[in-house]
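This is what each chain is made of:
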Amino acid sequence: MADFQAQGKQPEVLFWVGCAGSFDDRAKKITKAFVKLLNRANLEFAVLGTEESCTGDPAKRSGNEFLFQMQAMTNIETMNSYGVKKVVTACPHCFNTIKNEYPSLGGSYDVMHHTQFLKSLLEDGRLKVESGQFKGKRITFHDPCYLGRANNVYEAPRLLLEKLEAELVEMKRSRKNGLCCGAGGAQMFKEAEKGNKEINIERTEEAIGTKANIIAAGCPFCNTMLTDGVKHKEQEAKVHVMDIAEMIAQAADL
Amino acid sequence: MMNFLPNAIFLAVLVSGVLFFAKNVGKLKRNIALGRDLEITGSKKERWNNLLMIALGQSKMVRRPVSGILHVVVYLGFIIINIEVLEIVIDGIFGSHRIFSFLGGLYGFLIGSFEIFAVLVLLAVIVFWWRRNVRRIARFLNPEMKGWPKQDANYILYFEVVLMTLFLVMNATDSSFQAMESGNTVSQFIAPWFAGFSESTIHLVERSAWWLHIVGILVFLNYLYYSKHLHILLAFPNVYFGSVTPKGQLDNMEAVTNEVKLMLDPTANPYAVPSGDTQSAPDKFGASDVQDLNWLQLLNAYSCTECGRCTSECPANQTGKLLSPRKIMMDTRDRLQEVGANIDANNGTFQDDGKQLLGDYISKEELWACTSCNACVEACPISINPLSIIMDMRRYLVMEQSAAPVELKNMMSNIENNGAPWPYNQMDRMNWANND
Ligand code: SF4
Ligand code: SF4
Chain A
1 MADFQAQGKQ
11 PEVLFWVGCA
21 GSFDDRAKKI
31 TKAFVKLLNR
41 ANLEFAVLGT
51 EESCTGDPAK
61 RSGNEFLFQM
71 QAMTNIETMN
81 SYGVKKVVTA
91 CPHCFNTIKN
101 EYPSLGGSYD
111 VMHHTQFLKS
121 LLEDGRLKVE
131 SGQFKGKRIT
141 FHDPCYLGRA
151 NNVYEAPRLL
161 LEKLEAELVE
171 MKRSRKNGLC
181 CGAGGAQMFK
191 EAEKGNKEIN
201 IERTEEAIGT
211 KANIIAAGCP
221 FCNTMLTDGV
231 KHKEQEAKVH
241 VMDIAEMIAQ
251 AADL
Chain B
1 MMNFLPNAIF
11 LAVLVSGVLF
21 FAKNVGKLKR
31 NIALGRDLEI
41 TGSKKERWNN
51 LLMIALGQSK
61 MVRRPVSGIL
71 HVVVYLGFII
81 INIEVLEIVI
91 DGIFGSHRIF
101 SFLGGLYGFL
111 IGSFEIFAVL
121 VLLAVIVFWW
131 RRNVRRIARF
141 LNPEMKGWPK
151 QDANYILYFE
161 VVLMTLFLVM
171 NATDSSFQAM
181 ESGNTVSQFI
191 APWFAGFSES
201 TIHLVERSAW
211 WLHIVGILVF
221 LNYLYYSKHL
231 HILLAFPNVY
241 FGSVTPKGQL
251 DNMEAVTNEV
261 KLMLDPTANP
271 YAVPSGDTQS
281 APDKFGASDV
291 QDLNWLQLLN
301 AYSCTECGRC
311 TSECPANQTG
321 KLLSPRKIMM
331 DTRDRLQEVG
341 ANIDANNGTF
351 QDDGKQLLGD
361 YISKEELWAC
371 TSCNACVEAC
381 PISINPLSII
391 MDMRRYLVME
401 QSAAPVELKN
411 MMSNIENNGA
421 PWPYNQMDRM
431 NWANND
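Protein chains in written order, with the working numbering: chain A, 1 to 254; chain B, 1 to 436.
By construction, these hints were calculated from the structure, which means they are not laboratory data.
From a predicted model like this one, the values you see are computed outputs, not experimental measurements.
Accuracy of the hints is not assured; some may be wrong.
[As the list claims (entries may be wrong)] Restricting the straight-line Cα-Cα distance to at most 25 Å, the calculated cross-link-like pairs of lysine-lysine (BS3-like) are: (1) A:Lys197 to B:Lys23; (2) B:Lys261 to A:Lys85; (3) A:Lys190 to B:Lys409; (4) A:Lys194 to B:Lys409.
[Stated by the list, open to error] Footprint (simulated), chain B over chain A, 3 or more residues, beta carbon under 8 Å: (5) 15-21; (6) 27-36; (7) 54-66; (8) 100-111; (9) 143-152; (10) 183-194.
[What the hints assert, rightly or not] Just a few of them, taken from the derived set where beta-carbon distance is under 8 Å, the chain B residues facing chain A: (11) His203; (12) Met253; (13) Leu322; (14) Ala375; (15) Val398; (16) Met411; (17) Met427.
For every residue, glycine included, the Cβ atom is placed at its ideal position computed from N, Cα and C.
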C-alpha cells in the first residue's frame, strides 16, 4: 500500500490478508492462490503488509473489548490514512469485523469476502473460471458461520463451485442451518470444554457422509478444523479440504 | 335486586382477575426496567415487517413443519376464540345472552368456525402432549427441563383441553343456541349426550360450563406471569425490538471507545472529561448479574418459550458440552424473578443476597464453550439472542476479572504484542509472498 502511495496511485482494492493468511502454513496457500487469481484478472491491488494487524475479532469474541477497539482503531487509522475504499479478504472473521464493527469506530469501507469478489470479477468478464480437473467431482460446501448466518452470504461460493462444473452435494445442515466447524468465538485458540465429541469431528463426519471428494471451505479456520477432522478419520487419501480460491486457481493451472 | 347478583359477582370476578394480572404486569415492567438502557435504532419498517412475518405470521415456527403447523392451529384458535370471550364478558356484565347473535348468519359462521378450531386445538394439544411425554423428543429432555419447566408445559396443555371442552359443552347444552341450528357445527353432535336430562339440569350444565370457561380464562391469564406461556404476549414486542443488523455484528462498547480514544490520542487531555460524560462510564464492564444486562436481554428472558430449538442447533450442546442457550435464557429469567422478589420483600430496594447470575446460575464452563456461531439466534422463532448474554458475561470475566482460560490469555497477549493471535513477528507478515 505504501508503494502505491509513493507513486501517487490508488489501487482498486485492498487485499486484507489476515493473520491466518499471513502466518498459518495452510492458509498461506490460500493467500497465494487468491493473489494468482487477482493477477490473472489484471487487478491493481495492494496489501498493508507489515502495517496490517489483527482485526481484533478473537479478542472481541473472548470478551476483551479494550484490546479489540485498540486493534480496530489502529487498523482504521492505517486504512484511512491511505484512503482505502474497498477491501477484500479471504477470512470471514476479518470480513465480518471490518464490514460490521469498524464503521461505528470510524472505518467505513466497501468490504467483500473473496468469494463475492471473485464472483464479481467473473460477472465483469475479468476472470474466467475453467472447469478443469473438478468437472464432475463431488463437492460439498461448508458454510462458514461468519459468512453465512452472520452475513447472509450463501450463494456466491456456490455459484463459483457451479462454474467449476462440480457436482455440488449439500450436507443436511447447510446454509442457515449449517453446523459450525468449532473454531469461532476464539475456540480456535483453546481446548474445547468437556463433552462427548469435538465439534469439528461431528462436522467432518457429516461432510464425509455426503461421499464428496472435496470439502470446499471459504474460511482459513474452517479449513484447519475440517482438515484436522479428515486426518482424525484417516480419510486424507479420499477427501481433500480446499478453499474455493485454491480450486479456481488450480482449475486454471495457475 | 337478586336479579343483578350474577352480574355483580361476574364483575367482581372479572375485575379482580384483571387487577391481579395488572399487578403482575407492573412487576414485569419494573423487572425489565432493572436492565441497562439500550437505544433502539435501525429501520422501523424492517421492525414492523418482522412483527408481521415472524410474530404474527409465525414464519420461523414453520421451519419445523410438524410442531410449526400444530402451533399455528393453537395460535389461530387462541386469537379467534378471544372474540367469543368478548361476548362472554359483555353477557356477564349486562346479563344478556349471546349478545352477538343478532348478527344472524355471520354469528353462526363465527361460532361454527370457533367450534371447528376448538376441535383442532384439542387434537393439536394431544399431539403436543404425546411428543413431550410419550415420544419424548430430545429437545424437551435436557437437564434444564426437569421439574417445574416440564410440569409447566404439561399444565398449559391440560388447561387448553379443559377450556376447549368447556366451550363445546357450553354450546351443546345451550338449547336456544342449538335451536338456531346455525353455528353448532360440532356441538350438535355433543348435544344428544345430554338428551336424557331434564331441561333444568341441562341449563345448569350450560351455566356451569359458561362460568368455568370464563373463570378458567382469568386463571390462565394470571398463570402466564409464572409460566413460559408469557410468550403469547411478549413475543410481539420481543420480535419488534429484535436485532435488524447482521447477526455477526456485535455492539461496540461506547465506554470502552472513549477510553481507547484517550489512550491512543497523545494530545488528548485525560482530565478534560466533558461534563455530561460522567454518568456514561459504567461501574462495571460486561455482566455478572441481571442488572448488568440491557432491558432487551431481560425482555428476551421473559419471552423465551423454552422450546429448545436453539439448544438443539447448538454445536456445543450437540457435542455434549454443558452449554445450552435455552438454559442461559431460563437462568436469566429465574435470577431476574429472584431479584424482583427480593425487591418486593425489601420495600422496593434490592438487598444484596450474595448471589448473582454468574456462578450461581451460569457457570464459566458454559460461557467458554460457545463458538459464537449464531445457530441459536437463527433458530429462535421469536428473535431471542442468547449469544448476546454469553458475550456480555465473557466481557465481565475478561475485563473485570481477567478470568479467561489461559490459552485465550496467551492469544490476547500475542495480539497485544505482535498484532496476531499467534507468537509470530509482525515483520514476518509478508513472508507468504516469498518463495514456496
Ligand atoms: S452461538 Fe454459542 S450458544 Fe448459540 S448455538 Fe452457537 S455455540 Fe451454541
Ligand atoms: S431462546 Fe428461543 S429457541 Fe431458545 S428456547 Fe427460548 S424461545 Fe426457544
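Among all the numbered hints in the text so far, which are the ones the structure does not match? Result: hints 1 and 11 break, sorted rising.
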